[in-house]
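> Sequence:
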Amino acid sequence: MDTQYSREYHDAIGAVLTLHRYLRQSAKARSATGVSGRQHATLRALTGGRRTIGELASLLFVGESATSELVAKLEQAGYVERVRSAADNRVVHVSITEAGTEAAESIPLSGLPLLRERLQSLPSEELSSISQTFRSILSLLEVDYET
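Here our numbering is used: the first residue of the sequence shown is 19, the next is one more, and so on.
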């Protein structure tokens with residue numbers, strides 16, 4: 019095996035393993051709070067103001083039914099409240115409560131919630147490069163990626 023290839027291969031695997039360990043440790047620390055990563059991302063998204071279920075689903079990259087279930091759990095915990103739109107009864111607006119704001123602020127921003135926020139500040143060329151790299155990794159793992 020070529021030495022150059024071997025060093026690049028080891029660097030790539032090392033980076034993936036480091037990322038994997040970091041995300042596991044971050045998730046473990048967050049789970050001790052009783053709030054999942056997706057719940058934390060939802061609460062952080064709502065600190066900017068109320069959103070519809072559809073908007074949250076789009077931000078979280080999940081379906082609307084999964085988002086509704088997630089919001090229901092957060093509502094049961096007292097972190098959010100849902101209000102039907104007066105103009106269109108089919109539309110549900112979700113707002114964060116004071117308890118939800120406190121929970122969102124008390125959980126250290128790390129892992130995927132941190133990555134979500136930091137990616138937003140990158141230039142589009144860098145985002146495209148990162149996206150292509152992860153699509154390549156998903157392809158190597160034979161994972162179908164749907165946007």
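The hints are simulated quantities; they were obtained by calculation from the structure and are not laboratory data.
Check each hint, because a few of them may be wrong.
[Unchecked claim] FRET-style restraints, in silico, Cβ to Cβ:
#, residue 1, residue 2, range
1, P126, A104, 23 to 29 Å
2, T65, A104, 35 to 41 Å
3, P141, L37, 20 to 26 Å
4, V109, R25, 53 to 59 Å
5, L156, T36, 17 to 23 Å
6, K46, G81, 24 to 30 Å
7, S86, Q150, 17 to 23 Å
8, T70, L156, 15 to 21 Å
9, E93, I148, 31 to 37 Å
10, L133, R100, 24 to 30 Å
11, R39, T70, 15 to 21 Å
12, T65, A90, 18 to 24 Å
13, E26, E82, 38 to 44 Å
Just so you know, even glycine gets a beta-carbon here, dropped at the ideal spot from N, CA and C.
> Which hint numbers doesn't this structure obey?
1, 2, 7, 8 and 11
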